[in-house]
Amino acid sequence: MAQLIDDDPRIIEFDVRTDEMLVNMGPQHPSTHGVLRLVLRTDGEVVSEVEPHIGYLHRCAEKIGENLTHRQWIPYTDRMDYLAAMNMNLGWALAVEKLMKYEVSEKARHLRVLIAELNRIASHLVGMGAYGLDLGTFSPFLYAFREREKILDLFEEACGARLTYSYITVGGLTADLPPGWLQKCEAFLDQFEPIIKEYHALLTTNAIFVKRTANIGVMSRELAIEYGCSGPVLRGSGVDQDMRRDGEAIYTAMYDGYAFEVAVMKDGHYPRDHEYPPVPADAVLGDCWHRFFVRMLEVVQSMDLVRQAIDRYSACKGTIGEPLKLTEKMPAGDAYLETEAPKGQMGFYLVSDGSAIPWRVRARSSSFSNLAVAPELCRGCLIADVPAIVGSLDIVMGEIDR
Amino acid sequence: MMAAMSATGLVATALPLAAINWHSTFFLLFAVLACVCAVAVVAADNVVRMALYLVLSLGATAGLFFLAGAEFVGAMQLMIYVGGTLVLLVFGVMLTAQAPFVSIKTAPGDRALAGIVGASLLAVLLLSAFSVEEWRKPAAGVVGEPTATPIGMALLGVRVDEPPAHAPAGVRSGYLLPFEIVSVHLLVVLVAAAYLARAKRRKTPRAIEVAASVEPPASVAAHAAIGREPAGRSGSVLVGGPR
Amino acid sequence: MISLIGSTPLGGGLFAMGLFTEPVSVAHYLVVGAILFTAGIACMAVKRNALGVLMGIELVLNGANVNFVAFASPYLQAEGSRGLGLDGQVIALFVILLAAAEAAVALAITLNFYNNHATVDVDRADDLKG
Amino acid sequence: MAEFLITTVGLSEWLAWTVTAVIAAVLVLNVIAGGALVFIWAERKIAGRIQDRLGPTRTGGRFGWLQSLADGLKLLAKEDLMPEGADGMLFRLAPYVSFCASFCAFIALPFAFDFIGCRLNVGVFFVVAVLGLEVFGVILAGYASASKWSLFGAMREAAQVVSYEVPLGMCVVVPVMLAGSMDMVTIAEKQAGWFTNWYLFHDPFTFVIFWVYVTCAVASVNRAPFDLAEAESELVAGFHTEYSGLRWSYFFMAEYGSMFLVSAMAAVLFMGGWNGPIPVASLLGLSEGTGDTANYFVRLLGMFNLLGKATLGVLVMMWVRWTLPRLRIDQVMTTCLKYCTPIAAAMFAGAMLWQLFLPGGLVPGLDRPAGEIREGWLEGPGGRGAAAPAASDEKVAQVISSQVNP
Numbered sequence: 001m002a003q004l005i006d007d008d009p010r011i012i013e014f015d016v017r018t019d020e021m022l023v024n025m026g027p028q029h030p031s032t033h034g035v036l037r038l039v040l041r042t043d044g045e046v047v048s049e050v051e052p053h054i055g056y057l058h059r060c061a062e063k064i065g066e067n068l069t070h071r072q073w074i075p076y077t078d079r080m081d082y083l084a085a086m087n088m089n090l091g092w093a094l095a096v097e098k099l100m101k102y103e104v105s106e107k108a109r110h111l112r113v114l115i116a117e118l119n120r121i122a123s124h125l126v127g128m129g130a131y132g133l134d135l136g137t138f139s140p141f142l143y144a145f146r147e148r149e150k151i152l153d154l155f156e157e158a159c160g161a162r163l164t165y166s167y168i169t170v171g172g173l174t175a176d177l178p179p180g181w182l183q184k185c186e187a188f189l190d191q192f193e194p195i196i197k198e199y200h201a202l203l204t205t206n207a208i209f210v211k212r213t214a215n216i217g218v219m220s221r222e223l224a225i226e227y228g229c230s231g232p233v234l235r236g237s238g239v240d241q242d243m244r245r246d247g248e249a250i251y252t253a254m255y256d257g258y259a260f261e262v263a264v265m266k267d268g269h270y271p272r273d274h275e276y277p278p279v280p281a282d283a284v285l286g287d288c289w290h291r292f293f294v295r296m297l298e299v300v301q302s303m304d305l306v307r308q309a310i311d312r313y314s315a316c317k318g319t320i321g322e323p324l325k326l327t328e329k330m331p332a333g334d335a336y337l338e339t340e341a342p343k344g345q346m347g348f349y350l351v352s353d354g355s356a357i358p359w360r361v362r363a364r365s366s367s368f369s370n371l372a373v374a375p376e377l378c379r380g381c382l383i384a385d386v387p388a389i390v391g392s393l394d395i396v397m398g399e400i401d402r
Numbered sequence: 001m002m003a004a005m006s007a008t009g010l011v012a013t014a015l016p017l018a019a020i021n022w023h024s025t026f027f028l029l030f031a032v033l034a035c036v037c038a039v040a041v042v043a044a045d046n047v048v049r050m051a052l053y054l055v056l057s058l059g060a061t062a063g064l065f066f067l068a069g070a071e072f073v074g075a076m077q078l079m080i081y082v083g084g085t086l087v088l089l090v091f092g093v094m095l096t097a098q099a100p101f102v103s104i105k106t107a108p109g110d111r112a113l114a115g116i117v118g119a120s121l122l123a124v125l126l127l128s129a130f131s132v133e134e135w136r137k138p139a140a141g142v143v144g145e146p147t148a149t150p151i152g153m154a155l156l157g158v159r160v161d162e163p164p165a166h167a168p169a170g171v172r173s174g175y176l177l178p179f180e181i182v183s184v185h186l187l188v189v190l191v192a193a194a195y196l197a198r199a200k201r202r203k204t205p206r207a208i209e210v211a212a213s214v215e216p217p218a219s220v221a222a223h224a225a226i227g228r229e230p231a232g233r234s235g236s237v238l239v240g241g242p243r
Numbered sequence: 001m002i003s004l005i006g007s008t009p010l011g012g013g014l015f016a017m018g019l020f021t022e023p024v025s026v027a028h029y030l031v032v033g034a035i036l037f038t039a040g041i042a043c044m045a046v047k048r049n050a051l052g053v054l055m056g057i058e059l060v061l062n063g064a065n066v067n068f069v070a071f072a073s074p075y076l077q078a079e080g081s082r083g084l085g086l087d088g089q090v091i092a093l094f095v096i097l098l099a100a101a102e103a104a105v106a107l108a109i110t111l112n113f114y115n116n117h118a119t120v121d122v123d124r125a126d127d128l129k130g
Numbered sequence: 001m002a003e004f005l006i007t008t009v010g011l012s013e014w015l016a017w018t019v020t021a022v023i024a025a026v027l028v029l030n031v032i033a034g035g036a037l038v039f040i041w042a043e044r045k046i047a048g049r050i051q052d053r054l055g056p057t058r059t060g061g062r063f064g065w066l067q068s069l070a071d072g073l074k075l076l077a078k079e080d081l082m083p084e085g086a087d088g089m090l091f092r093l094a095p096y097v098s099f100c101a102s103f104c105a106f107i108a109l110p111f112a113f114d115f116i117g118c119r120l121n122v123g124v125f126f127v128v129a130v131l132g133l134e135v136f137g138v139i140l141a142g143y144a145s146a147s148k149w150s151l152f153g154a155m156r157e158a159a160q161v162v163s164y165e166v167p168l169g170m171c172v173v174v175p176v177m178l179a180g181s182m183d184m185v186t187i188a189e190k191q192a193g194w195f196t197n198w199y200l201f202h203d204p205f206t207f208v209i210f211w212v213y214v215t216c217a218v219a220s221v222n223r224a225p226f227d228l229a230e231a232e233s234e235l236v237a238g239f240h241t242e243y244s245g246l247r248w249s250y251f252f253m254a255e256y257g258s259m260f261l262v263s264a265m266a267a268v269l270f271m272g273g274w275n276g277p278i279p280v281a282s283l284l285g286l287s288e289g290t291g292d293t294a295n296y297f298v299r300l301l302g303m304f305n306l307l308g309k310a311t312l313g314v315l316v317m318m319w320v321r322w323t324l325p326r327l328r329i330d331q332v333m334t335t336c337l338k339y340c341t342p343i344a345a346a347m348f349a350g351a352m353l354w355q356l357f358l359p360g361g362l363v364p365g366l367d368r369p370a371g372e373i374r375e376g377w378l379e380g381p382g383g384r385g386a387a388a389p390a391a392s393d394e395k396v397a398q399v400i401s402s403q404v405n406p
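Residue numbers (the numbering used here), protein chains in the order written: chain A, 1 to 402; chain B, 1 to 243; chain C, 1 to 130; chain D, 1 to 406.
Read the hints as simulated data drawn from the structure, not as lab findings.
Any given hint could turn out to be false.
[Said to hold, decoys possible] Result set (DSS-like, lysine-lysine): computed pairs, CA atoms no more than 30 Å apart in a straight line:
1) A/K197 with D/K45
2) D/K148 with A/K211
3) A/K150 with D/K338
[To be verified] DEER-style ranges, computed between Cβ atoms:
4) A/A187 with D/G60: 29 to 39 Å
5) D/K78 with B/L187: 48 to 58 Å
6) D/M303 with B/G152: 28 to 38 Å
7) D/K78 with A/A187: 40 to 50 Å
8) A/M21 with B/L187: 32 to 42 Å
9) B/L29 with D/D80: 27 to 37 Å
All C-beta atoms in this analysis are idealised placements derived from N, C-alpha and C, irrespective of residue type, glycine included.
Next up, chain A with everything else stripped away, as it sits in the complex (with noise of 0.2 Å):
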């Protein structure tokens, strides 16, 4: 261990005799993702520990799901990771039926996988752009939201919300999609896909990005794990795992017959069903670059994903049916399910007692696993870093304070 540590090329000692301070990074930070409050105790420019403070934005919507029923509660989730709706929607709408073991229709399920991908596409927009502010770049920043405005239009269209939507809801869809939506989704993903070599240009190949992400932040597979970190993030370590492919069979029956790899480094190399810019060399499997390059990886898959569901739901006949009642009865029991939001694995745990109204409510948060990380990535690392890092991980405050 002492040889270990004698070795390690971080450690470094300074002549001058040097005292800590306290910084407060947050609530109020330009690059904290909402109201994160991260307490750095650092010696000039380092950073030695990193300490999230959370709570701000804590609304008891799991205590508030307990009074409502379980279709009533569907806005609540949208509030969540709000910039993911349609997955918060998808994951509760499948815990409930999970219990009831309802099952929708095969037009409803191919709808569901068309709007929660291209929803995943939103929120990675969001998480790549907002990465881009936090290394200080803008421009990508409005490049990224100039493409999820034409997603929301076209949720606007399909279900009247541009943010929270409440449109997968338990036992179906509020509505099934006007006509035409479908030539104009197909329209965007043509337009959309030569901006993504843009995003790669500006972000994942430039230099100084790279410089500023590549080794940083590096995560082990080991620690991922034990974090529980889920998702992109841990992805970006290597971990082979994806819910919609090793979830369980309530989900991953909706990706029944989609083709689509998961986005993960396997024997050194990323998925090659499409042209992807080479890993740079300095790149550490676990850093802050793998971890968005993923992100970038998996926005490529969700629009392959999309195309495909596109195909299947215009294939399917009849209707996609109708929601359930509000106030359905649930039988006596609990479910639990996690799900593959683009965060991580949302999971919604209830439990009933034979009413509408769930008895427990709880919610698993992936952000919250992933932020948890965070100190562990800091420790050692410089300030400009802990943006870095922290902006690397995608953190939606909505979904960790709940």
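Use these hints to put chains B, C and D onto chain A, whose structure you have.
Coordinates of chains B, C and D only, in the frame set by chain A:
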């Protein structure tokens, strides 16, 4: 108001304004600035303020150099002296910033004593400054454009300027040797400064102790840490990833 | 503006001394140099902060420089006098350079002092007394 | 100007000089203040266009011309806040220190042959020195704000500026060496004629060192990707976190003033100053001495040349800012100490050797005024000789030979 205006008009008419000598006026401006700021350095207690006054004083002195036609020396003063003071300022902030705006007070007795001694010293200096007739005579007038060429040539060992009137023959040398000596001297200082400021790799066992101390305490309440006395322990920290 | 300055007692006094109207002489510079020098000496004597002492040294050197430049300047010489000529300026130059070097060394000393005493108060440097 | 006032208007001499000085000062001040307004507007429009949006569109007509002015009014009306623990005097003083440093440097900047505040014999040196003073305001602001973020910003700025002055100085010395003068007017004059005479294209070394200069200049005026002192994603707003209203805007005027200044420096040192790429004036038969009106026209043309080049430099800085992410502090220092400084030193040596062995350049046909430089060194060596007549060239040569070969 009216009285002030009429008084102004009176003075304005009474004084030979046409004979304003701008050179002298600017001299006065810079001289007053330099002197007042120099005194302020003595009077101030806060290091950063002292440094600010010092910078202003040095800058005003550079202005005096420009007025005296020593443009190169003036620019040099701005660049080196003032730049050097900048570092001083940074050190001032770093070394005394345990609490905001700490000042190490001077005892009033010391100050009074210094005032007396300083006043007498100033008196002696002023006496000598005014003692030579030649120094008191006003300047003869404007001479040709100053150039930095003679200084440059002199530093290369060649004198192209006119010798002073009373200069004995044979003592006019270039400054190549001093120039080289100063260069080497500065190099030595540079190396020494780099040596002092360099980051050292830690030898053996203390690494463990330090690495352990970097580990977070079991419950690090920020408030408790804020209340902690500034330990001032010799810094040894983890820097970045394995770059 | 000038008349405004002239209307104040101080400004009027300066006018009376001919400071606005007469060309400056070497003695003017010498006065400035003397004040800077005295301020520097006082600073060195009075300050307990090592950095303050350092600033005093800078002021002293600067005061000396003012004299050198004044004696060297052809602008300031009276009729028939040529002063030091170039030599004064070159010496002033060397003084500036060496002052920079001196500041570096002094700062290093201060830094070591701070490392050993956790203060820059020079009165605390009394470890050597018998 | 002053002569005109004395002879034509009949003002007394001191009044004429005062009026002239005030007019010149106001002009230069307007270059900074007006320039800052225009550049801020341009920055917003450019940033908008780069980012696929429009930028300001409404205020003052179609293109939002008056947006900066409206912002200025807003800043004027804004409450001036000061943190409770701040050092009041330093906090108030800091923006002015920054602004004054930026303003003072314009004194020695030649806009055209005679359009210069004060033709200093050591102009280049002066500008670099004074520009370095701007950092004082930043450090004072950072210290006096009593905010940790401000202090971080100030310390970063100090480290960065002190480091980048070294390669910047080396870059600046190269044109000085080629021209044999530190006078910016002389340096620009030496590059008259076609653009091949620009020091940028003088030899390969100067071409490389120009880009080093650009890097260092961007770093020394704190623009992205080197804007660590105000890195908004890390340090909230760095040294001006606690500033608001007019004081805050002074920092910005200083920043835009310095941006313009270093760009104008690049134009004078490497891109011929007021000499355009094509010597339009001399092709038209206009040159110095063909009459007052012609002279004036030539100088006006030269001024637009210089302003154009400097503006181009500023626009490039904006382009860079809206494209690149920010470097980290250690990477900024690495860039300076491991890349810029050695490259600048090597290029300096290279340019020196080139000047020694190939003073006429590789292409013999080019009319390059480089060869006459060495004689130029000995011009006007009377130096400080007050009463004595300026020594002639022969005399200097004689002095030199007598001292070099005793």
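Q | Consistency of beta-carbon spacing, B/G152 to D/M303, with hint 28 to 38 Å | A | Holds, at about 30 Å.
(Q) Taking the Cβ atom of D/K78 and the Cβ atom of B/L187, is their distance within the range 48 to 58 Å? (A) Given a distance of about 51 Å, which is inside 48 to 58 Å, the answer is holds.
Q | Pair hint A/K150 and D/K338, alpha-carbon separation not exceeding 30 Å | A | violated, 45 Å
Q | Range hint 27 to 37 Å (beta carbons of B/L29 and D/D80) holds or violated | A | Between B/L29 and D/D80, where Cβ atoms are some 29 Å apart, the hint holds.
Q) When you check the alpha-carbon spacing of A/K197 and D/K45, does it fall within 30 Å? A) holds, 25 Å
Q | Pair hint D/K148 and A/K211, alpha-carbon separation not exceeding 30 Å | A | Measuring from Cα to Cα gives roughly 26 Å; hence the hint holds.
Q) Do D/K78 and A/A187 keep their Cβ atoms within the hinted range of 40 to 50 Å? A) Between D/K78 and A/A187, where Cβ atoms are some 46 Å apart, the hint holds.
(Q) Please check whether A/A187 and D/G60 have a Cβ separation lying inside 29 to 39 Å. (A) Between A/A187 and D/G60, where Cβ atoms are some 38 Å apart, the hint holds.
Q.
Assuming the hint says 32 to 42 Å, is it satisfied by the Cβ distance from A/M21 to B/L187 or not?
A. At 35 Å between Cβs, range holds.
When each numbered hint is compared with the structure, a violation occurs for hint 3 only.
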